[in-house]
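Chains as they are written, first to last, in the numbering used here: chain A, 1 to 172; chain B, 173 to 454.
The hints are simulated quantities; they were obtained by calculation from the structure and are not laboratory data. Any given hint might turn out to be false.
To be verified - From the structure, some residues in chain A lie toward chain B, with a derived Cβ separation under 7 Å:
#: 1; residue: Arg24
#: 2; residue: Leu42
#: 3; residue: Gly43
#: 4; residue: His46
#: 5; residue: Gly47
#: 6; residue: Asp57
#: 7; residue: Gly58
#: 8; residue: Val59
#: 9; residue: Pro60
#: 10; residue: Val61
#: 11; residue: Leu65
#: 12; residue: Ser70
In this text, all values refer to a predicted model and were calculated from it rather than measured experimentally. Every residue, glycine too, gets a C-beta built ideally from N, C-alpha and C.
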Amino acid sequence: MTEQLHQITVTVNGVARRADAPARRLLADFLRMDLGLTGTHLGCEHGVCGACTVLMDGVPVRACLIFAVSADGHAITTVEGCCDSGGELGPVQQAFQECHGLQCGFCTPGFITTITAYLEENPKPTEEEAREAIGGNLCRCTGYQNIVAAVLRAAEILRERDADQAGAGGAA
Amino acid sequence: MKPPPVVYHGPDTVDEAVRLLAEHGAHAKVLAGGQSLVPMLNMRLTAPARLIDVNRLDELAYVRTDLEGVRVGALARHSDVERATHAFEAVPLLRQAVRTVAHPTIRNRGTTVGSLVHADPCAEMPAVLALLDGEVLLRSERGGERVVKAADFFVGPMESSCQEDELAVEAYFPKPKGRTGTDWRELSRRNGDYAMCGVGTSVRVDESGSVTSAKAVYIGMGPVPRVVDVTAAGADWESAAEHAADQLDPEDDIHATAEYRRHLARILTARSLKAAYEAVAP
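Full structure from sequences and hints, please.
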């Protein structure tokens, strides 16, 4: 049986991308196989583990539970888009590095995207709130202590950067 | 695993969606949030020939509140219901319960109306609709619109009375009358997981604080949301909880024995009724 292909256009990390894919192509597979963005990882493929979490129009969603064709016309941010404009580590990535928030690293992309969106909503989380925020993501290395520390550190880095920017703006 | 091959339709209007259901309903599934349907497809527990994706029906992406209650359109996400302060003020139970639906990322995509049609006996929103005596509005080309009361909507586990050619377009959650307090609580192994037992309660009092109505609803304790009236116990929450737990018929599974579930129901019911009462007691 030859499957009908759908032309799918999505803006990924600010760049318009287009590819043809069958209706049953999951967004996570579309990003990986059709667009070559292998940062998004697939763990359980039924929405439990959170490894495939990407931002759709800025909102965290499971890329294994959305068809690429349903995402047509939307903006997607993957872990590749969570770095700084110069390709340097983004705030959440830097915090993960500093706090040893990753061990094998498989679950990390889902954590980075989830935390990136969460800190926009709540820039100053308590430890308890940080735990709740990552509650939908599984780390099979069980590195949660360091991941919670990374959430709090990322919030700190964001505040430091804001302060730096305000300072630089004031000086100029 | 990956989903089986499927023919995809992405209608732009409700009329178009209903027309597609009239034509293909017997072999099609409606795809809204997909947070229950897509896992089933991925695991190949279901293999519809066609998907009718309603995600472009922006006209159904609403949470509206009026003097009567809250109306939730088919494309409103759980997170839309959670964030709508006007809906919380009119029907507090909505926010109390929706916060325990899976994890925030799942709530960003999953829809409240989709959860009702899916009729999972472990899901929160069907129980909320049942406790509040709400309704679901269905539309088809064959029969136009019809309204189904919650008591008639949930037929069995994973089975609602929404027919193959019908689209569930709206859920209606009536505002509780008079001085009514509500509460939702559940116990699960991990926050956001399916509850071993969940209970929602609603307690109405008169000006003097006497209980005029008290009800509890359960998830994970039977094939459909079970509403138990415990008004007769007055404000004796322990005996109300005892009475309610005796009405339930939970089953054993790998997470908990039936006996343990009944124990949880008793404990949670007493605490929940007390909290609902204290929210409105003078």
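Hint check:
1. Against a cut-off of 7 Å between C-beta atoms, the interface hint on Arg24/A holds, since the closest Cβ of chain B lies about 4 Å away.
2. Hint on Leu42/A is violated. Least Cβ distance to chain B is approximately 10 Å, over the 7 Å limit.
3. For Gly43/A, the suggested interface contact is broken, since its CB lies about 12 Å from the closest CB of chain B, more than 7 Å.
4. A hinted interface residue such as His46/A counts as satisfied when its beta carbon comes closer than 7 Å to some beta carbon of chain B; here the least separation is about 4 Å, so the hint holds.
5. With 7 Å as the threshold, the beta carbon of Gly47/A comes within range of chain B, its nearest partner Cβ sitting at about 5 Å, so the hint holds.
6. Proximity of Asp57/A to chain B is violated relative to the hint, the smallest CB-CB distance being about 10 Å (cut-off 7 Å).
7. Given the 7 Å rule on beta carbons, the hint for Gly58/A is violated: about 10 Å separates it from the nearest Cβ of chain B.
8. The restraint placing Val59/A at the interface with chain B holds, with a minimum CB-CB distance near 5 Å, inside the 7 Å limit.
9. Because the beta carbon of Pro60/A sits about 5 Å from the nearest beta carbon in chain B, less than 7 Å, this interface hint is met.
10. This hint holds: Val61/A has a C-beta 5 Å from the nearest C-beta of chain B, less than the 7 Å allowed.
11. For Leu65/A, the interface hint holds, the least distance from its beta-carbon to any beta-carbon of chain B being 4 Å, beneath 7 Å.
12. For the restraint placing Ser70/A at the interface with chain B, the shortest Cβ-Cβ distance is roughly 5 Å, inside the 7 Å limit, so the hint holds.
Hint check: violations occur at hints 2, 3, 6, 7; the rest are consistent with the structure.
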